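K.L.:
Each chain is listed here by its residues.
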Amino acid sequence: MPDVNEYKCPCCGAKLEFNSAVQKMKCPYCDSEFDIDTVQDYNEQLSAATGDEMNWDTEAGGEWAEGETSNMRVYSCKSCGGQIIAEETTGASFCPYCNNPVIMAGTFSGDLRPDLIIPFKLDKEAAKKAYEKFITGKSLLPKVFKDQNHIEEIKGLYVPVWLFGAEADANMCFRAEKKKTWSDANYRYVETSYYQAVRKGKMSFEHVPVDGSQKMPDALMESIEPYDYTQAVPFKTAYLSGYLADKYDVSSEESINRANTRIKSSTEAAFAQSVTGYDSVQCESSAVKLNGGKAQYALYPVWILNTDWNGTKYTFAMNGQTGKLVGDLPADVAKAAVMFFGITGGIGVVGSILWILFQILTGGN
Amino acid sequence: MGGILVSFLIGLVVACIVVLPKLSALKTVRMKTGASDYTVKDSLKFSEKRDVFLNTKVEKTVIQRSNPPANR
Chain F
460 MPDVNEYKCP
470 CCGAKLEFNS
480 AVQKMKCPYC
490 DSEFDIDTVQ
500 DYNEQLSAAT
510 GDEMNWDTEA
520 GGEWAEGETS
530 NMRVYSCKSC
540 GGQIIAEETT
550 GASFCPYCNN
560 PVIMAGTFSG
570 DLRPDLIIPF
580 KLDKEAAKKA
590 YEKFITGKSL
600 LPKVFKDQNH
610 IEEIKGLYVP
620 VWLFGAEADA
630 NMCFRAEKKK
640 TWSDANYRYV
650 ETSYYQAVRK
660 GKMSFEHVPV
670 DGSQKMPDAL
680 MESIEPYDYT
690 QAVPFKTAYL
700 SGYLADKYDV
710 SSEESINRAN
720 TRIKSSTEAA
730 FAQSVTGYDS
740 VQCESSAVKL
750 NGGKAQYALY
760 PVWILNTDWN
770 GTKYTFAMNG
780 QTGKLVGDLP
790 ADVAKAAVMF
800 FGITGGIGVV
810 GSILWILFQI
820 LTGGN
Chain Y
31 MGGILVSFLI
41 GLVVACIVVL
51 PKLSALKTVR
61 MKTGASDYTV
71 KDSLKFSEKR
81 DVFLNTKVEK
91 TVIQRSNPPA
101 NR
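Protein sequences, first through last, are from chains F and Y. Using our numbering, you'd call the opening residue of the first sequence number 460 and step up by one each time. Using our numbering, you'd call the opening residue of the second sequence number 31 and step up by one each time.
Just so you know, these hints were derived from the structure itself, not from any lab. Each hint should be verified, as a subset may be incorrect.
If you want the ones that stay clear, here's a sample from chain F, every Cβ over 10 Å from chain Y, calculated [unchecked claim]: (1) Asp490; (2) Asn558; (3) Glu584; (4) Ser700; (5) Ser744; (6) Gly786.
Covered by chain Y, according to a simulated footprint, are these stretches of chain F (three or more residues, beta-carbon under 8 Å) [what the hints assert, rightly or not]: (7) 497-511; (8) 592-603; (9) 650-656.
This structure is a prediction, so every number in the text was calculated from the model and none was measured. The C-beta atom is built at its ideal place from N, Cα and C for all residues, glycine as well.
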């Protein structure tokens with residue numbers, strides 16, 4: 460059976476047909492005409508830039524040495540199911556994720572040993588100050604929420620993360636347009652010139668973190684990025700002293716998709732930035748192949764605060780290394796409405812008075 | 031009447047400009063869109079960079095005039 464080739468119109472994406480009258484490929488929808496060689500090359504480039512190959516070596520983490528975990532205890536939260544690790548001397552009373560009491564489930568065993576850890580650089584006092592600063596100056600935050608003191612409940616927690624690094628080998632096609640407009644006595648003209656921009660190249664990523672804890676919301680963990688990886692050190696249990704640590708319950712294999720999405724998105728953005736001099740640029744196809752993709756298992760320091768207010772749970776997190784604090788705050792809806800309608804009404808009334816005065820003074824002309 | 035309507039519309043726009051940023055300042059948690067913080071410096075190298083001209087299309091539209099020019 461012969462191959463049936465379908466050629467896509469670079470202007471509108473419809474199927475092109477050969478027009479014997481003009482001896483060119485013509486689009487039946489937008490009437491654009493193209494040389495056969497141009498269309499063939501355009502479609503070949505498009506089909507070459509499809510299909511990602513994102514393979515990873517996900518073997519991360521190591522084995523615990525004998526006796527290394529003997530003084531580490533696992534605490535289980537009956538409410539949210541979270542499992543927290545703390546040294547025997549540190550202990551844990553409340554779950555850092557849901558603030559409910561935890562019970563000791565036994566000694567820590569199994570699981571992988573982290574490859575790296577970024578030790579806490581900021582203490583609880585710094586976290587308290589950051590939280591106080593965070594909630595001040597926000598005029599639409601309910602005063603009652605601001606006045607309630609939750610800052611004693613801030614807990615230092617090491618969150619498990621998988622760090623992905625690879626070289627991205629990419630092949631991308633962009634559709635670019637240049638527009639020129641002019642007019643004469645009767646018509647307005649818009650001339651659109653279409654281009655295909657082909658970009659092939661490589662770029663490298665290192666230590667792209669993906670949250671390895673189900674209990675820690677991914678958006679919260681990504682919001683406190685970036686961490687300075689240069690301060691990461693080989694893991695030692697001594698760093699856990701005085702802090703809680705979460706066990707990973709999302710494997711490195713399960714975290715791959717998130718790493719792939721982030722790497723592909725940044726590669727496309729970087730390649731798109733090289734397509735310049737046009738009025739619009741659109742990525743038509745892209746293929747990203749990862750070379751030497753490797754994962755590492757690390758613990759990142761986070762100061763975490765949970766609080767319930769009006770039946771809703773609010774979680775705040777601070778990067779234990781840089782001090783960046785995030786968390787969604789409640790809005791004082793009544794105050795926002797008063798402010799909104801006050802401004803609208805105020806300006807509306809003043810403007811109306813000025814307009815009426817103007818009408819009177821000018822006699823309505 | 032038109033002046034009154036315009037005054038309230040201006041008020042509405044100003045209210046949006048003032049209130050919406052204050053509301054969005056309360057929301058600071060969002061997923062990252064990419065991994066730009068983790069690119070290796072100066073690692074981006076292109077092996078092919080080609081811009082190919084495909085074609086040009088001109089569209090013309092009649093300029094609508096309230097008073098058509100008189101025939102001379």
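K.L.:
Please go over all the hints and tell whether each is borne out by the structure.
P.N.:
Hint-by-hint comparison with the structure:
Not every Cβ of chain Y is farther than 10 Å from the Cβ of F/Asp490; the closest lies at roughly 8 Å, contradicting the non-interface assignment. The beta carbon of F/Asn558 sits about 18 Å from the closest Cβ of chain Y, which is more than 10 Å, so the claim that it is off the interface holds. Against the 10 Å criterion, F/Glu584 stays outside the reach of chain Y, whose nearest CB is about 22 Å from its own CB. For F/Ser700, the condition that its CB be more than 10 Å from all CB atoms of chain Y holds, with the nearest at approximately 29 Å.
The claim that F/Ser744 lies off the interface holds: its Cβ sits roughly 14 Å from the closest Cβ of chain Y, which is beyond the 10 Å cut-off. Not every Cβ of chain Y is farther than 10 Å from the Cβ of F/Gly786; the closest lies at roughly 6 Å, contradicting the non-interface assignment. With a cut-off of 8 Å between beta carbons, the region 497-511 of chain F has 3 residues touching chain Y; three or more are needed, and the interface restraint holds. Residue count for the region 592-603 of chain F with a Cβ under 8 Å from a Cβ of chain Y: 4. That meets the three needed, and the coverage hint holds.
Here's how the region 650-656 of chain F fares: 7 of its residues keep a CB closer than 8 Å to some CB of chain Y, so the rule of at least three is met and the hint holds.
Checked against the numbered hints above, the structure breaks hints 1, 6 and satisfies the rest.
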